[in-house]
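**Q** Can you make the complete structure from the sequences, with help from the hints?
Line by line, the protein sequences give chains A and B. Mapped onto this note's numbering, the consecutive letters of the first sequence carry residue numbers 1 to 280. Mapped onto this note's numbering, the consecutive letters of the second sequence carry residue numbers 1 to 404.
The reader is advised that the hints may include incorrect statements.
Listed next, the stretches of chain B that the computed footprint assigns to chain A, with coverage defined by at least 3 CB atoms under 8 Å from CB atoms of chain A [unchecked claim]:
#	stretch
1	166–172
2	179–186
3	226–235
Worth flagging that the hints you see were computed from the coordinates, not collected in a lab. We put the CB at the ideal spot given by N, CA and C, even for glycine.
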Amino acid sequence: MIQSHLTRGWPPAIAATQGRTERPAELPGDAPLAVRGLTVSYGEKPAVFSLDATFPAASMSAIIGPNGAGKSTLLKAAIGVIPRLSGEVYVFAQPLEKARARIAYVPQRASVDWDFPTTVMDVVQMGLYRKVGLLGRLSGAMNARAQDCLDRVGMADFAHRQIGQLSGGQQQRVFLARALAQDAHLFLLDEPFAGVDAATERAIIDVLKILKAEGKAVVAVHHDLSTVRDYFDHVFLINVRRIAEGPVATTFTTENLQATYGGRLAATHLDELSMASGAR
Amino acid sequence: MNAFLQALFLQAGYNAALVAIGAGLLGFAAGSSGTFMFLRKRALFSDAVAHATLPGVGIAFILMVSLGGDGRSLPGLLAGSALSAWIGLLLIEWISRRTRLAEDAAIGAVLGVFFGIGIVLLTVVQSMSAGRQAGLEGFLLGSTAGMLFQDAVVIAIGGSLAVLVTWLMRRPMTLVAFDSDYAAAMGYNVRRIDLLMMSLVMAVTVIGLKLVGLILIVAMLIIPAVTARFWTERSSRVIWIAGAVGAAAGYLGAALSASAPALPTGPIIVLVAAGIFVVSLLFAPVRGVLAAVIRHRRFQARVHRRQGLLALAAQHPIREAYTLRLLAREGLARPDGVPTETGRAQAAKIARDERRWDVAREIHQDAGLTGRYDGLTPIEEVFTADEIAEFDRRLGPPVALGGA
Numbered sequence: 001m002i003q004s005h006l007t008r009g010w011p012p013a014i015a016a017t018q019g020r021t022e023r024p025a026e027l028p029g030d031a032p033l034a035v036r037g038l039t040v041s042y043g044e045k046p047a048v049f050s051l052d053a054t055f056p057a058a059s060m061s062a063i064i065g066p067n068g069a070g071k072s073t074l075l076k077a078a079i080g081v082i083p084r085l086s087g088e089v090y091v092f093a094q095p096l097e098k099a100r101a102r103i104a105y106v107p108q109r110a111s112v113d114w115d116f117p118t119t120v121m122d123v124v125q126m127g128l129y130r131k132v133g134l135l136g137r138l139s140g141a142m143n144a145r146a147q148d149c150l151d152r153v154g155m156a157d158f159a160h161r162q163i164g165q166l167s168g169g170q171q172q173r174v175f176l177a178r179a180l181a182q183d184a185h186l187f188l189l190d191e192p193f194a195g196v197d198a199a200t201e202r203a204i205i206d207v208l209k210i211l212k213a214e215g216k217a218v219v220a221v222h223h224d225l226s227t228v229r230d231y232f233d234h235v236f237l238i239n240v241r242r243i244a245e246g247p248v249a250t251t252f253t254t255e256n257l258q259a260t261y262g263g264r265l266a267a268t269h270l271d272e273l274s275m276a277s278g279a280r
Numbered sequence: 001m002n003a004f005l006q007a008l009f010l011q012a013g014y015n016a017a018l019v020a021i022g023a024g025l026l027g028f029a030a031g032s033s034g035t036f037m038f039l040r041k042r043a044l045f046s047d048a049v050a051h052a053t054l055p056g057v058g059i060a061f062i063l064m065v066s067l068g069g070d071g072r073s074l075p076g077l078l079a080g081s082a083l084s085a086w087i088g089l090l091l092i093e094w095i096s097r098r099t100r101l102a103e104d105a106a107i108g109a110v111l112g113v114f115f116g117i118g119i120v121l122l123t124v125v126q127s128m129s130a131g132r133q134a135g136l137e138g139f140l141l142g143s144t145a146g147m148l149f150q151d152a153v154v155i156a157i158g159g160s161l162a163v164l165v166t167w168l169m170r171r172p173m174t175l176v177a178f179d180s181d182y183a184a185a186m187g188y189n190v191r192r193i194d195l196l197m198m199s200l201v202m203a204v205t206v207i208g209l210k211l212v213g214l215i216l217i218v219a220m221l222i223i224p225a226v227t228a229r230f231w232t233e234r235s236s237r238v239i240w241i242a243g244a245v246g247a248a249a250g251y252l253g254a255a256l257s258a259s260a261p262a263l264p265t266g267p268i269i270v271l272v273a274a275g276i277f278v279v280s281l282l283f284a285p286v287r288g289v290l291a292a293v294i295r296h297r298r299f300q301a302r303v304h305r306r307q308g309l310l311a312l313a314a315q316h317p318i319r320e321a322y323t324l325r326l327l328a329r330e331g332l333a334r335p336d337g338v339p340t341e342t343g344r345a346q347a348a349k350i351a352r353d354e355r356r357w358d359v360a361r362e363i364h365q366d367a368g369l370t371g372r373y374d375g376l377t378p379i380e381e382v383f384t385a386d387e388i389a390e391f392d393r394r395l396g397p398p399v400a401l402g403g404a
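**A** Laid out in structure tokens, this is it:
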């Protein structure tokens with residue numbers, strides 16, 4: 001049973017020779033984000049193993065997989081938030097450290113203490129800390145920029161609220177505004193739609209689509225399979241190892257999902273997806 | 001009382017004045033540089049660092065005596081305590097990063113082991129023939145008896161440096177304390193910033209050892225920051241308020257203890273700080289206990305008034321005694337639950353808003369009224385007057401209420 005899933009669902013040849021895939025890892029070009037041979041391990045159990053991934057410019061990419069498949073791990077390791085055991089990361093064809101200023105990261109909302117003594121405006125200004133430096137003052141232009149970013153996510157009226165008074169969706173928008181303030185070219189979001197209301201989801205997706213239209217790359221860990229086709233152009237399917245990656249139209253298929261989720265993806269869910277995709 | 005006032009205005013003699021000023025300065029430094037330890041949720045870390053100074057004191061004494069010097073030379077003892085605190089600090093950091101032990105376990109282990117070693121060394125020192133060891137116990141609970149001008153100078157210079165570094169590094173430290181993943185993604189070296197926070201705490205501990213003692217210094221590092229949190233929602237202000245609270249506690253505590261012969265300075269300072277904390281806990285606006293109780297009561301009344309009026313509108317009997325009392329007190333209903341004229345009018349308005357909400361929810365099914373349709377949020381806050389007029393148009397003319 002399991003065997004049949006494997007043989008049917010793993011399009012790229014994965015036959016491992018000396019820990020590397022058979023397929024020669026092509027150079028990443030100047031893709032906004034590319035990882036080669038990335039392995040991250042908690043203890044002695046790999047959370048992700050020997051991943052090759054390339055995320056294209058001017059598009060929205062989703063990282064998709066079941067719980068514990070290493071989605072967030074991939075994102076965090078790619079930007080050095082957690083250490084990697086092996087592998088390389090290229091951001092716009094540069095090593096990670098040289099391209100820091102071009103990356104904006106939106107962590108999971110639940111990863112911080114929202115009772116921290118800080119206001120909405122303070123949080124957005126954190127996105128400007130690198131530009132301000134240690135001794136600099138936040139100039140009028142920078143404050144205006146922060147205010148503008150709040151405006152873009154529909155939170156302009158909340159600038160002076162304490163962050164603990166926000167709803168989950170509002171918190172998520174503030175995090176997005178902070179990332180916008182960085183003026184980055186690559187946006188990495190960890191479950192931006194988890195536990196937010198419908199209005200927030202709409203507001204966030206609108207902002208992300210504008211970023212895409214501006215030629216920026218958006219990569220998001222995503223949970224909701226039913227919205228993948230509406231929101232994203234590119235998918236990366238992961239379950240510890242890479243299952244498939246490519247344009248949504250050709251890669252987000254029932255076969256690949258079955259291979260990613262195994263038995264955990266209910267047949268009914270798959271039916272819904274195929275119906276959503278039209279004639280399939 | 002008179003003695004206290006004398007001490008308060010630095011009129012109780014040279015030594016008392018020196019102690020009061022020194023304690024005030026130390027309080028400021030400890031309060032502000034302890035802020036980020038508290039915000040990073042590592043308050044107990046300071047306690048471990050403080051306890052880890054003790055072996056250094058003992059070893060420094062033994063070394064200095066065996067080299068033929070004065071075992072009580074302050075620079076030597078401070079250097080020794082700083083060194084052993086630094087080792088303890090690195091050890092905690094290493095244990096929690098490299099082993100499966102959690103940070104609290106690492107803190108407990110290092111605190112206990114270092115304190116144990118320190119006590120053993122102090123006992124050895126007591127039995128050494130090369131005497132003049134008297135006074136080393138003062139490092140445990142602090143002593144002001146022999147405070148010298150140079151001690152005050154050490155506190156003033158060291159404390160100012162600690163405050164200065166805290167202020168200069170406030171942005172990276174805020175970022176790491178609030179959201180360390182984001183800080184790492186921006187390229188900040190989180191580990192180094194953590195070490196800096198701990199080093200600040202260590203520095204203040206070392207300069208405060210002689211005055212407050214290593215057992216109670218943690219109180220001066222943490223209580224002011226916790227207290228300050230009650231009064232502000234901005235981390236940058238927590239730094240200064242904590243400094244002020246610490247300074248006030250240090251100065252007042254020292255003056256208090258100088259006003260009577262048998263009051264130990266360190267513990268009195270800590271008790272004064274704790275007093276300020278308790279007052280803040282109870283009476284601070286917004287975050288204080290009293291404010292929270294009042295807010296909760298008001299909210300409860302709002303809920304009951306609303307539910308009572310809804311029941312009046314629907315002509316349901318009101319069974320909850322509190323609701324009845326509330327409505328009666330506000331002149332909305334008689335004690336037996338029959339609505340007054342005002343009550344009838346308000347119930348009608350609420351019933352109408354409920355019907356407006358029904359229409360609104362039908363129209364805006366997909367637009368996420370989540371969190372707004374909660375029974376309490378006035379519809380005027382969510383929709384514009386024009387939108388509400390549109391709901392009313394769909395509803396038709398008002399219906400008379402109460403079957404009249």
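**Q** Now tell me if each hint is right for this structure.
**A** A quick look at each hint next to the structure:
Proximity of the stretch 166–172 of chain B to chain A, defined as three or more residues with a beta carbon under 8 Å from a beta carbon of that chain, is established by the 4 residues found. Remark: the stretch 179–186 of chain B is confirmed as covered by chain A, as 6 of its residues place a Cβ nearer than 8 Å to a Cβ of that chain, reaching the required three. Check on the stretch 226–235 of chain B: 5 of its residues sit with their Cβ under 8 Å from a Cβ of chain A, so the three-residue criterion for coverage holds.
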